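Enquirer: So the chains spell out like this:
Protein chains: 2
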Amino acid sequence: MRIQTLYYHNHILYVLDQLKLPHQKKYIVCRNWQQVVQVIKKMNIRGAPAIGVAAAFGIALGAWRQNTKNKQRFLSQIDTVAGKLTATRPTAVNLSWAIGQLLDYLEKIKAQDINSIKTWLEKKAQQILNEDVLINKKMAVHGEKLIPRNARILTHCNAGALATAGYGTALGVIREAHKRGKKISVLVDETRPYLQGARLTAWELKEENIPFHLISDNMAGHFISRREVDCVITGADRVAANGDTANKIGTYTLAVLAKENNIPFYIAAPLSTIDLKIKSGAEIPIEERSADELTGIAGKRIAPEGIKVKNPAFDVTPAKYITAIITEKGIIRKPYQKNLPICAEKAAK
Amino acid sequence: MRIQTLYYHNHILYVLDQLKLPHQKKYIVCRNWQQVVQVIKKMNIRGAPAIGVAAAFGIALGAWRQNTKNKQRFLSQIDTVAGKLTATRPTAVNLSWAIGQLLDYLEKIKAQDINSIKTWLEKKAQQILNEDVLINKKMAVHGEKLIPRNARILTHCNAGALATAGYGTALGVIREAHKRGKKISVLVDETRPYLQGARLTAWELKEENIPFHLISDNMAGHFISRREVDCVITGADRVAANGDTANKIGTYTLAVLAKENNIPFYIAAPLSTIDLKIKSGAEIPIEERSADELTGIAGKRIAPEGIKVKNPAFDVTPAKYITAIITEKGIIRKPYQKNLPICAEKAAK
Numbered sequence: 325m326r327i328q329t330l331y332y333h334n335h336i337l338y339v340l341d342q343l344k345l346p347h348q349k350k351y352i353v354c355r356n357w358q359q360v361v362q363v364i365k366k367m368n369i370r371g372a373p374a375i376g377v378a379a380a381f382g383i384a385l386g387a388w389r390q391n392t393k394n395k396q397r398f399l400s401q402i403d404t405v406a407g408k409l410t411a412t413r414p415t416a417v418n419l420s421w422a423i424g425q426l427l428d429y430l431e432k433i434k435a436q437d438i439n440s441i442k443t444w445l446e447k448k449a450q451q452i453l454n455e456d457v458l459i460n461k462k463m464a465v466h467g468e469k470l471i472p473r474n475a476r477i478l479t480h481c482n483a484g485a486l487a488t489a490g491y492g493t494a495l496g497v498i499r500e501a502h503k504r505g506k507k508i509s510v511l512v513d514e515t516r517p518y519l520q521g522a523r524l525t526a527w528e529l530k531e532e533n534i535p536f537h538l539i540s541d542n543m544a545g546h547f548i549s550r551r552e553v554d555c556v557i558t559g560a561d562r563v564a565a566n567g568d569t570a571n572k573i574g575t576y577t578l579a580v581l582a583k584e585n586n587i588p589f590y591i592a593a594p595l596s597t598i599d600l601k602i603k604s605g606a607e608i609p610i611e612e613r614s615a616d617e618l619t620g621i622a623g624k625r626i627a628p629e630g631i632k633v634k635n636p637a638f639d640v641t642p643a644k645y646i647t648a649i650i651t652e653k654g655i656i657r658k659p660y661q662k663n664l665p666i667c668a669e670k671a672a673k
Numbered sequence: 325m326r327i328q329t330l331y332y333h334n335h336i337l338y339v340l341d342q343l344k345l346p347h348q349k350k351y352i353v354c355r356n357w358q359q360v361v362q363v364i365k366k367m368n369i370r371g372a373p374a375i376g377v378a379a380a381f382g383i384a385l386g387a388w389r390q391n392t393k394n395k396q397r398f399l400s401q402i403d404t405v406a407g408k409l410t411a412t413r414p415t416a417v418n419l420s421w422a423i424g425q426l427l428d429y430l431e432k433i434k435a436q437d438i439n440s441i442k443t444w445l446e447k448k449a450q451q452i453l454n455e456d457v458l459i460n461k462k463m464a465v466h467g468e469k470l471i472p473r474n475a476r477i478l479t480h481c482n483a484g485a486l487a488t489a490g491y492g493t494a495l496g497v498i499r500e501a502h503k504r505g506k507k508i509s510v511l512v513d514e515t516r517p518y519l520q521g522a523r524l525t526a527w528e529l530k531e532e533n534i535p536f537h538l539i540s541d542n543m544a545g546h547f548i549s550r551r552e553v554d555c556v557i558t559g560a561d562r563v564a565a566n567g568d569t570a571n572k573i574g575t576y577t578l579a580v581l582a583k584e585n586n587i588p589f590y591i592a593a594p595l596s597t598i599d600l601k602i603k604s605g606a607e608i609p610i611e612e613r614s615a616d617e618l619t620g621i622a623g624k625r626i627a628p629e630g631i632k633v634k635n636p637a638f639d640v641t642p643a644k645y646i647t648a649i650i651t652e653k654g655i656i657r658k659p660y661q662k663n664l665p666i667c668a669e670k671a672a673k
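Those sequence lines, one after another, are chains A and E.
Plus 324 on top of the position in the first sequence (first one is 1) and you've got our numbering.
Plus 324 on top of the position in the second sequence (first one is 1) and you've got our numbering.
In case anyone wonders, no lab produced these hints; they're calculated from the structure.
Hints may contain errors.
[As the list claims (entries may be wrong)] What the simulated footprint calls covered on chain A by chain E, stretch by stretch (three residues with Cβ under 8 Å from a Cβ of chain E suffice, anywhere in the stretch; the number is not a length): (1) 507-518; (2) 521-531; (3) 568-581; (4) 618-629.
[Claimed, not checked] Listed below are the simulated SDA-like cross-link pairs for lysine to any residue, each with C-alpha atoms no more than 20 Å apart in a straight line: (5) A:K632 - E:A475; (6) A:K632 - E:F547; (7) A:K344 - E:A622; (8) A:K624 - E:K344; (9) A:K366 - E:I626; (10) A:K624 - E:G620; (11) E:K624 - A:I626; (12) A:K634 - E:D554; (13) A:K344 - E:G630; (14) A:K344 - E:G620; (15) E:K349 - A:I626; (16) E:K632 - A:N474; (17) A:K632 - E:S509; (18) A:K349 - E:G630; (19) A:K350 - E:E629; (20) E:K632 - A:E552; (21) A:K632 - E:K530; (22) E:K507 - E:E552; (23) A:K644 - E:K583; (24) A:K506 - A:E468; (25) E:K644 - A:S549; (26) A:K583 - E:K583; (27) E:K344 - A:R625.
As the structure is a prediction and not an experimental result, all values here were calculated from the model.
By construction, the Cβ of each residue, glycine as well, lies at the ideal position given by its N, Cα and C atoms.
Can you make the complete structure from the sequences, with help from the hints?
Expert: Dropping the structure here:
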């Protein structure tokens with residue numbers, strides 16, 4: 325099965341509505357950049373690499389849908405669109421990375437006529453999508469080497485095909501290990517409040533017949549302490565220069581549990597997730613989402629009315645808890661402060 | 325507000341239906357022991373001390389509803405009822421403790437006529453209920469001393485009035501600290517899969533105007549790591565002779581997080597929860613509950629059909645993570661192996 329998280333055709337972006345999964349497989353039609361802003365904000369599409377790719381198409385649509393013949397106005401409007409897209413979600417750096425890719429490219433081609441620019445920006449966005457899939461596959465090949473035969477792997481949230489343009493980061497590694505006949509099995513955290521594990525990861529693994537059990541987030545520690553988990557692997561939303569990693573809320577807890585029980589904790593993330601501009605995790609902005617996500621589930625109210633809620637969507641795992649970071653350029657180990665820039669440089673060449 | 329978890333009147337046990345909270349406050353009418361078995365099994369009533377008290381009334385009803393005039397048959401039927409009640413849920417020791425209390429008492433009075441025995445068993449069950457409330461209040465007075473002014477306390481599941489005959493264990497301590505003007509605030513884990521935190525603890529705290537925020541279980545680590553929690557306090561379902569403690573799934577994880585971040589982790593439990601007959605947590609049976617609790621929420625399906633699930637209702641926190649155990653006889657500290665039996669002996673005197 326090839327899960328298409330999003331695709332672009334005839335100047336329209338089609339986004340698989342992840343809020344309807346696993347019950348319905350429906351695509352949302354985005355004809356303009358405003359609709360792209362909405363699907364990212366509302367989390368119809370989520371996952372750091374996936375929202376990066378969506379934002380790239382948002383820029384392309386922000387160019388395509390303009391009727392102006394005034395180049396200055398045209399370029400300035402693209403800048404506005406870039407700002408709006410960047411502001412949709414603060415934590416994942418892939419969003420600004422992908423937008424930056426398009427703006428850098430625009431800088432190179434801005435002397436061309438408006439129609440050419442429109443076409444080139446679409447091509448560039450499509451290239452980012454295609455490359456994301458290739459990058460995931462490279463990451464999977466590197467990461468798979470860390471997975472022992474018969475490994476029982478715990479994963480959190482959804483770092484699968486649905487979180488990317490295809491194949492997945494953490495789930496890409498798991499897919500690859502399965503494909504190579506390693507007889508792995510997976511424990512899937514349901515991942516409250518959005519239930520990306522129960523709804524999305526469970527769906528992806530089921531579709532591919534990879535053996536798994538669903539658990540609630542607070543059960544992970546129980547199974548880790550009973551030696552029923554051999555390693556933990558998750559994706560990432562932003563990795564700071566020192567290796568501190570922001571990822572879906574709950575990741576920090578898994579890393580602490582892994583350390584306490586002496587099993588490895590891996591992050592799988594493309595280099596576009598690594599943000600060398602920030603020194604440590606303390607600088608990563610943590611998105612706070614709406615209280616409704618917690619007081620209700622699937623539209624059904626569970627908690628009493630009128631109560632206060634905290635709902636941070638991410639947490640930061642200090643680098644010391646991370647055994648290795650799996651990237652498309654290979655596996656990065658400590659000291660991250662030294663090895664992350666080396667890897668990034670190698671990639672830039 | 326006085327929350328009545330259960331009460332007995334005119335040979336009928338009324339059980340507040342906790343599955344309907346916080347939306348509805350409805351009592352289930354139990355006229356016979358079979359109905360008591362059902363409300364415990366289905367978790368209409370839950371919480372180690374509360375199900376103990378319910379089981380005591382189950383025995384009383386098992387005596388009361390008999391029409392036989394044959395003493396031997398009468399006593400043997402009570403034995404059968406005791407077996408059925410004990411088998412409802414395996415982890416909490418209070419269940420067998422309370423049933424044991426009634427059977428021991430029955431042993432003393434079994435020479436009396438059947439009608440007298442019936443009356444005495446009802447009185448004994450009522451005494452266990454009354455004492456449970458008193459015990460909670462004593463525990464609260466001892467435990468409150470551990471809570472600093474302005475403390476930000478994290479709690480898990482519901483160890484409140486609803487988990488007991490009234491007042492609560494962990495929430496009893498929190499209530500007491502609040503009553504004494506300590507200006508505390510509480511972080512409430514929602515506690516998947518049954519959502520005892522979101523449904524029950526949030527409801528209790530709201531009713532008493534104790535400041536709190538609801539979070540999902542996987543957020544606890546985030547707030548603990550950010551120094552936004554001063555201590556963790558939970559109830560218990562069974563404490564082994566060495567201090568290892570079974571409690572609601574997720575408790576072990578909180579204890580590890582507390583240790584990693586150098587904040588105290590407290591258990592509040594009456595002596596009836598301490599099981600000196602078992603050496604360590606490895607001997608505590610862990611109840612596995614139905615998959616539906618995890619694949620759906622409040623009757624709404626969330627995960628794909630036909631997937632496998634693990635659903636342990638409890639986990640075991642090794643004694644080394646527990647800073648202190650709060651009981652009605654005072655605060656017990658390490659070494660638990662030595663201090664738990666001393667405290668239990670003192671209580672027996």
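Enquirer: Now tell me if each hint is right for this structure.
Expert: Each hint, compared with the structure:
1. 507-518: The restraint on the segment 507-518 of chain A holds, since 6 of its residues have a Cβ under 8 Å from chain E and three suffice.
2. 521-531: Per the Cβ count (5), the hint holds.
3. 568-581: With 6 residues in contact (Cβ-Cβ under 8 Å with chain E), the coverage given for the segment 568-581 of chain A holds.
4. 618-629: holds (count 10)
5. A:K632 - E:A475: Judged against 20 Å, a Cα distance of about 18 Å means the pair holds.
6. A:K632 - E:F547: Holds, at roughly 15 Å.
7. A:K344 - E:A622: holds (18 Å)
8. A:K624 - E:K344: It holds: about 13 Å lies between the C-alpha atoms, which stays within 20 Å.
9. A:K366 - E:I626: Distance ~18 Å between K366 (chain A) and I626 (chain E) Cα, so the pair holds.
10. A:K624 - E:G620: holds (11 Å)
11. E:K624 - A:I626: holds (12 Å)
12. A:K634 - E:D554: Holds: K634 (chain A) and D554 (chain E) sit about 17 Å apart, inside 20 Å.
13. A:K344 - E:G630: Status holds; Cα separation ~18 Å.
14. A:K344 - E:G620: holds (15 Å)
15. E:K349 - A:I626: holds (14 Å)
16. E:K632 - A:N474: At roughly 18 Å apart (the allowed maximum being 20 Å), N474 (chain A) and K632 (chain E) satisfy the hint.
17. A:K632 - E:S509: It holds: about 12 Å lies between the C-alpha atoms, which stays within 20 Å.
18. A:K349 - E:G630: holds (18 Å)
19. A:K350 - E:E629: Holds: K350 (chain A) and E629 (chain E) sit about 18 Å apart, inside 20 Å.
20. E:K632 - A:E552: The hint holds at about 16 Å.
21. A:K632 - E:K530: Roughly 10 Å between the alpha carbons, so the hint for K632 (chain A) and K530 (chain E) holds.
22. E:K507 - E:E552: holds (15 Å)
23. A:K644 - E:K583: holds (16 Å)
24. A:K506 - A:E468: It holds: about 10 Å lies between the C-alpha atoms, which stays within 20 Å.
25. E:K644 - A:S549: Answer holds: K644 (chain E) to S549 (chain A) is near 14 Å, not above 20 Å.
26. A:K583 - E:K583: holds (12 Å)
27. E:K344 - A:R625: Holds, at about 12 Å.
Checked against the numbered hints listed earlier, the structure breaks none of them; every hint is satisfied.
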